[in-house]
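Enquirer: Chain order of the listed sequences is A and B.
The opening position of the first sequence corresponds to residue 1 in this note's numbering, with each subsequent residue numbered one higher.
The opening position of the second sequence corresponds to residue 353 in this note's numbering, with each subsequent residue numbered one higher.
Since the hints were made in silico from the structure, they are not lab data.
The reader is advised that the hints may include incorrect statements.
Cross-link-like lysine-lysine pairs, in silico, BS3-like; alpha carbons within 27 Å at most [said to hold, decoys possible]:
hint: 1; chain 1: B; residue 1: K418; chain 2: A; residue 2: K84
hint: 2; chain 1: A; residue 1: K260; chain 2: A; residue 2: K192
hint: 3; chain 1: A; residue 1: K141; chain 2: B; residue 2: K418
hint: 4; chain 1: B; residue 1: K474; chain 2: A; residue 2: K288
hint: 5; chain 1: B; residue 1: K418; chain 2: A; residue 2: K288
Some chain A residues flagged as far from chain B (calculated, every beta-carbon gap over 10 Å) [stated by the list, open to error]:
hint: 6; residue: A39
hint: 7; residue: E112
hint: 8; residue: C132
hint: 9; residue: A227
hint: 10; residue: N252
hint: 11; residue: E262
hint: 12; residue: V266
hint: 13; residue: N272
hint: 14; residue: G297
hint: 15; residue: R334
From the three backbone atoms N, C-alpha and C, an ideal C-beta is built for every residue, glycine too.
Listed below, chain by chain, are the residues.
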Amino acid sequence: MRPFRPLLLILLLPLAGVAHAKDAQLERGEALFRQHCAACHGYDGMGGVGVPLALPDFQYSVTNKYLETTIRRGRPGRVMPAFKSLSDADVKAIVKYIRHWAPGKPYRYPVEPVRGDREHGKQLYAKHCAPCHGPNGEGGKGTGVTFSRPRDLPIIPPALNNPGFLAAASDQFIKATLMNGREGTPMVSFLKQGLSEQDINDLVVFVRAFEDHPLPVHQQPIETEQATIVYDSEYDFQTTINNLKDAAVGNNFIIIREQKLESGFVPPGQDNPKQHIIYFCNFGFLNKALAIDPRVGLFLPCRVTVVEKEGKVKVYAINPERLSRLFNNVELNRLCHEMNDTYVSIIEDATL
Amino acid sequence: MIRKPLFLLLLWLLATPALAEDLLMARIPMTFPEAMLKLQNVLKAHGQTLSRVQRVDIGLTSKGYKTDKYRVVFFGRLDEIREVAEKHPLLIPYVPHKIAIFAEEDETLIVAANPASLFPEKDPALQKFVRTWKADLEAIFHDMREE
Numbered sequence: 001m002r003p004f005r006p007l008l009l010i011l012l013l014p015l016a017g018v019a020h021a022k023d024a025q026l027e028r029g030e031a032l033f034r035q036h037c038a039a040c041h042g043y044d045g046m047g048g049v050g051v052p053l054a055l056p057d058f059q060y061s062v063t064n065k066y067l068e069t070t071i072r073r074g075r076p077g078r079v080m081p082a083f084k085s086l087s088d089a090d091v092k093a094i095v096k097y098i099r100h101w102a103p104g105k106p107y108r109y110p111v112e113p114v115r116g117d118r119e120h121g122k123q124l125y126a127k128h129c130a131p132c133h134g135p136n137g138e139g140g141k142g143t144g145v146t147f148s149r150p151r152d153l154p155i156i157p158p159a160l161n162n163p164g165f166l167a168a169a170s171d172q173f174i175k176a177t178l179m180n181g182r183e184g185t186p187m188v189s190f191l192k193q194g195l196s197e198q199d200i201n202d203l204v205v206f207v208r209a210f211e212d213h214p215l216p217v218h219q220q221p222i223e224t225e226q227a228t229i230v231y232d233s234e235y236d237f238q239t240t241i242n243n244l245k246d247a248a249v250g251n252n253f254i255i256i257r258e259q260k261l262e263s264g265f266v267p268p269g270q271d272n273p274k275q276h277i278i279y280f281c282n283f284g285f286l287n288k289a290l291a292i293d294p295r296v297g298l299f300l301p302c303r304v305t306v307v308e309k310e311g312k313v314k315v316y317a318i319n320p321e322r323l324s325r326l327f328n329n330v331e332l333n334r335l336c337h338e339m340n341d342t343y344v345s346i347i348e349d350a351t352l
Numbered sequence: 353m354i355r356k357p358l359f360l361l362l363l364w365l366l367a368t369p370a371l372a373e374d375l376l377m378a379r380i381p382m383t384f385p386e387a388m389l390k391l392q393n394v395l396k397a398h399g400q401t402l403s404r405v406q407r408v409d410i411g412l413t414s415k416g417y418k419t420d421k422y423r424v425v426f427f428g429r430l431d432e433i434r435e436v437a438e439k440h441p442l443l444i445p446y447v448p449h450k451i452a453i454f455a456e457e458d459e460t461l462i463v464a465a466n467p468a469s470l471f472p473e474k475d476p477a478l479q480k481f482v483r484t485w486k487a488d489l490e491a492i493f494h495d496m497r498e499e
C-alpha cells in the first residue's frame with residue numbers, strides 16, 4: 001500500500017485547497033459583515049435597526065440571489081443602503097457568512113412567473129396585507145427594533161412596493177412566503193388563514209404589479225442640492241445673532257447653547273469672536289425624529305453659525321433635505337422638509 | 353495574538369478604496385458607558401480633540417420624554433477648523449465633526465455622516481479636505497470595531 005500514499009496525498013491536495021479557499025471566503029465574509037452589516041443586523045444576525053437575518057425560517061426561504069440582489073440594490077428609501085462598491089466576490093463572501101447561521105440548503109424556487117387575477121389580488125391585499133405592509137405597499141413605520149420603540153417586535157413589515165424588494169424577490173419566493181408565513185415574525189401563513197392557492201397567486205400578481213405603480217414622489221428619497229444653507233445678513237454681527245435667537249424662539253425652539261466655532265480647541269477667550277454658533281432645540285420635534293430613525297440625532301440639535309469675515313456677515317446651517325438622502329429613510333422626508341422650511345424661515349427672519 | 357491570514361485580511365480591509373455608503377456605522381459589543389470611554393480614548397489616540405459632548409438623552413428626559421442613552425460627540429483638530437473657516441466655508445456647519453453614539457440594549461451603535469456623500473463637489477482643495485476627514489473617520493470606526 002505504501003506506494004499509493006504519496007499519490008493519495010496528491011489527489012487530496014486540491015480538495016484541501018478548496019476547503020482552505022472556502023474558509024478564507026467565510027473569514028472574509030465575516031470581516032465584511034462586521035464592517036458593513038453588523039451595525040444594523042447585529043453581530044449575531046438577530047437584527048436591530050435592520051431585519052434579523054439569522055432566523056432559520058428566513059434563512060431557508062431566501063435564495064442566495066435574493067440576498068445578493070438585496071445587498072447590491074438595497075431598499076431605496078427604507079434604510080437598507082445599496083452596496084454598489086462591493087465586488088461580486090465581496091457580496092458572495094457576505095452571503096456565505098450570513099448562511100453560516102443556518103447550515104443547509106436554502107429552498108430552490110421554480111422560475112416560472114405566477115399567473116393570477118390582479119383585481120382580485122388587489123381586494124385581498126387591502127384586506128389581508130395592507131394593515132401591516134401599508135395600503136400602497138410602503139411598509140411598516142419605524143426603523144427596525146431599536147431605541148425608543150418597543151423591543152418586542154422582531155421585524156418591521158417590509159415595503160413591498162420598493163424597487164429593491166421587487167428586484168430581489170421572485171414571484172415564487174413571494175408566493176412561498178404567503179403560503180408558509182415566516183416563523184419568528186408576525187408574517188403568518190395565509191393558507192392557514194383560509195386563503196386558497198389561487199387567492200395567493202392573485203396576491204402575488206398584485207404585488208408584482210407594484211413595479212408599474214411606484215410610490216408617490218413624497219414617499220421616495222429626496223434628491224436635492226447643496227449640503228449647506230447660506231445667507232448674507234443685512235445686519236451687523238451682533239444684531240444678526242440677536243435676530244436669530246429671537247426668530248428661533250418665535251418658531252417654538254429653546255436656545256440651548258451658544259459658543260464660538262473654536263470653543264473647546266483653544267483656551268477660553270482665545271477663540272475667534274466672529275464665528276458664533278447658536279444651538280436651539282424643540283424637544284418634541286427631536287423626540288419625534290429620533291423615534292423615526294435614531295441615527296438622525298447626528299444632525300440635531302439645530303444649529304446656525306454666524307460668521308463675520310472682511311466686513312460681511314453670513315449665516316450657515318445644514319440643509320436637512322440634503323441630509324435626508326444619507327439616511328435612505330423616506331419616513332424622514334416630511335420632517336426634513338419641515339426642518340428645512342424652519343431653518344429658512346428663522347434665517348430669513350434674522351437676516352433680511 | 354492575531355492570526356496572519358486575519359491580519360492580512362484586516363490590512364486589505366483598511367486599504368479598501370472609498371465606499372459609497374452615505375453613513376458610517378459600527379456596532380460596539382459593549383455597554384454604552386464602556387463604548388463611550390472607548391470612543392474618547394480612540395479619538396485621543398488619533399490626535400483628535402474632543403471639544404464637547406451633547407447629552408441628548410438628558411435633554412429629552414428633562415422634558416419628560418423616554419429615551420435610551422444617547423450622546424453626540426464633537427471632535428476635530430484646530431488647524432482643520434481654521435482651514436474650514438478660511439477656505440471651505442460651506443463646511444462650517446459640519447465642524448467640529450460629530451459622531452452620534454447610542455445604546456441598543458447591551459450594545460452600542462455609533463454613526464457618522466460620510467463626508468464624501470455630503471460634499472461630492474469636484475473642487476480639488478475641498479476634495480482633499482473631505483478625503484482626509486473621511487479617512488480619519490474610517491480609522492476611528494475601525495478601531496472602535498476592534499475588540
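Enquirer: Confirm or reject each hint.
Expert: Here is what the structure says about each hint:
1. B:K418 x A:K84: Violated - the C-alpha atoms of K84 of chain A and K418 of chain B are around 37 Å apart, more than 27 Å.
2. A:K260 x A:K192: 64 Å, violated
3. A:K141 x B:K418: Within the cut-off at roughly 19 Å; holds.
4. B:K474 x A:K288: Distance ~36 Å between K474 of chain B and K288 of chain A Cα, so the pair is violated.
5. B:K418 x A:K288: 11 Å, holds
6. A39: At about 4 Å from chain B, A39 of chain A fails to clear the 10 Å cut-off, so the statement is violated.
7. E112: 36 Å, holds
8. C132: Holds, because the least Cβ-Cβ distance between C132 of chain A and chain B comes to about 24 Å, which exceeds 10 Å.
9. A227: 5 Å, violated
10. N252: N252 of chain A is indeed farther than 10 Å from all Cβ atoms of chain B, at 13 Å.
11. E262: The assertion about E262 of chain A is violated, with a minimum of 6 Å to chain B.
12. V266: Its Cβ does come within 10 Å of chain B, the nearest being 7 Å, so this is violated.
13. N272: 7 Å, violated
14. G297: 5 Å, violated
15. R334: 19 Å, holds
When each numbered hint is compared with the structure, violations occur for hints 1, 2, 4, 6, 9, 11, 12, 13, 14.
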